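Engineer: If you want the building blocks of each chain, they are given just below.
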Amino acid sequence: MDINNETIDRLAELAKLEFNTTEKESLKKDLNSIISYFEKLNEVNTDNVEPLIFMTDEFNRLREDVVLQNTSKQEALLNAPAKDSDYFRVPKVLDK
Amino acid sequence: MERYTHLQSIQSDIKSDKISLPQLVEYYLKNIEDKKHLNAFLEVFTEDAKSAAVNIQQKIKQGKAGKLAGMVIGLKDNLCYKGHKVSASSKILESFTSIYSATAVERLLAEDAIIIGRLNCDEFAMGASNENSAFGTVLNDADNTKVSGGSSGGCAVAVQADLCLAALGSDTGGSVRQPAGFCGVYGLKPTYGRISRWGLIAYASSFDIIGPLTKSVDDAQILLEVISGADEYDATSSEKPVDVYSQASVSGQKLKIAYIKETIEMDGLQPEVKVNIEKSIERLRAQGHTVEPVSFDMLDKLIPIYYTLTTAEASSNLARFAGMHYGFRSSNAHDFESTIRKSRSEGFGAEVKRRIMLGTFVLSEGYYDAYYTKAQKVRNLVKQKTDEIFSQYDFIMSPTSPTSAFKIGEKSDDPLAMYLADIFTVHANIAGCAAISIPNGVDNNNMPIGLQFMAKSFDEARLLAFVKNFRSE
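Protein chains in written order, with the working numbering: chain A, 1 to 96; chain B, 1 to 473.
Hints are computed from structural coordinates only; laboratory data are not their basis.
A couple of the hints might just be wrong.
Which residues of chain B face chain A? A few of them, derived with a C-beta cut under 10 angstroms, are [unchecked claim]:
{"no.": "1", "residue": "V44"}
{"no.": "2", "residue": "D48"}
{"no.": "3", "residue": "S51"}
{"no.": "4", "residue": "G66"}
{"no.": "5", "residue": "G193"}
{"no.": "6", "residue": "S237"}
{"no.": "7", "residue": "P241"}
{"no.": "8", "residue": "D300"}
{"no.": "9", "residue": "P304"}
{"no.": "10", "residue": "T308"}
{"no.": "11", "residue": "A322"}
{"no.": "12", "residue": "T339"}
{"no.": "13", "residue": "I340"}
{"no.": "14", "residue": "S345"}
{"no.": "15", "residue": "F361"}
{"no.": "16", "residue": "A375"}
Once the Cα atoms are required to be at most 16 angstroms apart in a straight line, the calculated EDC-like pairs of lysine to aspartate or glutamate come out as [claimed, not checked]:
{"no.": "17", "chain 1": "A", "residue 1": "K73", "chain 2": "A", "residue 2": "D86"}
{"no.": "18", "chain 1": "B", "residue 1": "K385", "chain 2": "A", "residue 2": "E50"}
{"no.": "19", "chain 1": "A", "residue 1": "K92", "chain 2": "B", "residue 2": "D335"}
{"no.": "20", "chain 1": "A", "residue 1": "K28", "chain 2": "B", "residue 2": "D414"}
{"no.": "21", "chain 1": "A", "residue 1": "K28", "chain 2": "B", "residue 2": "D413"}
{"no.": "22", "chain 1": "B", "residue 1": "K85", "chain 2": "A", "residue 2": "E50"}
{"no.": "23", "chain 1": "B", "residue 1": "K240", "chain 2": "A", "residue 2": "E58"}
Please read all numbers here as calculations on a predicted model, not as lab measurements.
Where is the CB? At the ideal position from N, CA and C, for every residue including glycine.
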């Protein structure tokens, strides 16, 4: 796998990050060396092996669906970078 | 005041009026001030701690105090404590205040522990040296030119330098054990699911677990007893009953311990670390235990599995930091889209961004099966092979890390070299089992060396009882 400028740009777009030219160069170098290290896993035969997804063997613990209010409006808005008395304020989403 | 290593001694000295809890808190506050240069604390909850000390001292007098009365503890800066700041050592959460407490923290408070402050760590717990904190490196108290280890570096140094009796950290790939080893304290990584993760800022959800750093096994036992157990706020927390760890005993039992041959023969193992484990093997045999080498041919696959899966999970967990509902919002952005991009790019540090990019890659279209699913399959094989060893042996031992604490700056330009510092600790997180690092002497430069024992899932009671005997016999 070769990580080139295009891949970096595509990943940055997906991850909602932006990088300057110097940062891109060093990311390219790091990602290439780390991902080629990841490829060591290809040495392992995994035919007929299931992926391990859940780390617990306890299955679906269910509870009653009770409505609770744990968080007040004030608490929810406490850490907002911008807000008014009732809502989070965000930059304009649509141009018109 | 004496340097306490056991909660029990504090409790009996308070009972006999040799000391008072307010005096003890003053003592730790003074140490924190005197050792400010270590950069272990990001914030000290001075007034809270002082007033809690007065209240709890009274409760002790009235015979109404909880199990942890006398425990002065620090929290890694990724554990929520209602009404207090928590930042994951990141600029993106610098001004964030918790609106609820982590379940583990609630349980500490319910038993009258005093929380004295929040402790520096690698940003979002991503690192092995605490050099990735947005608020500076933590210095090892044994040698200020060396790293503390990470990511719970502030926790380990706070306990090492006697700035508090114990600390709660989190361990995703060694983040409790490796700094504990570097700083000469005990660091326990409990079984996945033993402690609720509610209120622990997520890094990699199928790996993360909270764990105590202490000066004694006894304190690890009592803390685990208090904070473990099912929690309706975390569906992955186990409903298995919590053992009375402080009462467990393996005295008189002759146990079988495996060591992985490849860990001792590894290139790059510091000679003193090798001698240290060889001597420990001899010591265990002299105590009557059976210690045998086993082969584990997947040692060199552990780091690739760990970083493939944790970066994937991190890229997903950290998607929530978008500068909208909480956290840093860039003032250089003008529309919705650029607010997200600029807030994330300016708010996250380099290592966090590197891991988000890696995780985005392994989860991206066309590469998902080849990298992410592949790593989950190899993870399954590692778990199976580890279970096989545990079907024949009680514990697996290894050094905690290949070397003692390294120099500040030594590995910071080479992420891959830094990742290899976790080579022996990631195993327990990949398999989900329990593990502990115990202080086990020093190298030629007087730097602490850690020794790790792994146990099968939910076998903490025997693991802790066993390491207590190992040290005292």
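Engineer: Decide, hint by hint, whether the structure agrees.
Structural biologist: Now for the hints, and whether the structure bears them out:
1. V44: violated, 22 angstroms
2. D48: Not OK, violated: B/D48 not within 10 angstroms of chain A, min 19 angstroms.
3. S51: violated, 23 angstroms
4. G66: Where the cut-off is 10 angstroms and the nearest Cβ of chain A is about 24 angstroms from B/G66, the hint is violated.
5. G193: Where the cut-off is 10 angstroms and the nearest Cβ of chain A is about 5 angstroms from B/G193, the hint holds.
6. S237: Constraint on B/S237 satisfied, holds at 9 angstroms.
7. P241: Given a least distance of 13 angstroms, the restraint on B/P241 is violated.
8. D300: holds, 6 angstroms
9. P304: holds, 5 angstroms
10. T308: Holds, about 5 angstroms.
11. A322: holds, 7 angstroms
12. T339: holds, 5 angstroms
13. I340: Holds, about 5 angstroms.
14. S345: Holds, about 5 angstroms.
15. F361: It holds, given that the least Cβ distance between B/F361 and chain A is near 6 angstroms, below 10 angstroms.
16. A375: With a minimum Cβ separation of about 6 angstroms from chain A (threshold 10 angstroms), the hint on B/A375 holds.
17. A/K73 / A/D86: holds, 7 angstroms
18. B/K385 / A/E50: holds, 14 angstroms
19. A/K92 / B/D335: Holds: A/K92 and B/D335 sit about 6 angstroms apart, inside 16 angstroms.
20. A/K28 / B/D414: holds, 13 angstroms
21. A/K28 / B/D413: Holds, at roughly 14 angstroms.
22. B/K85 / A/E50: violated, 42 angstroms
23. B/K240 / A/E58: holds, 9 angstroms
Hints 1, 2, 3, 4, 7, 22 from the list above are not met by this structure, while the remaining hints are.
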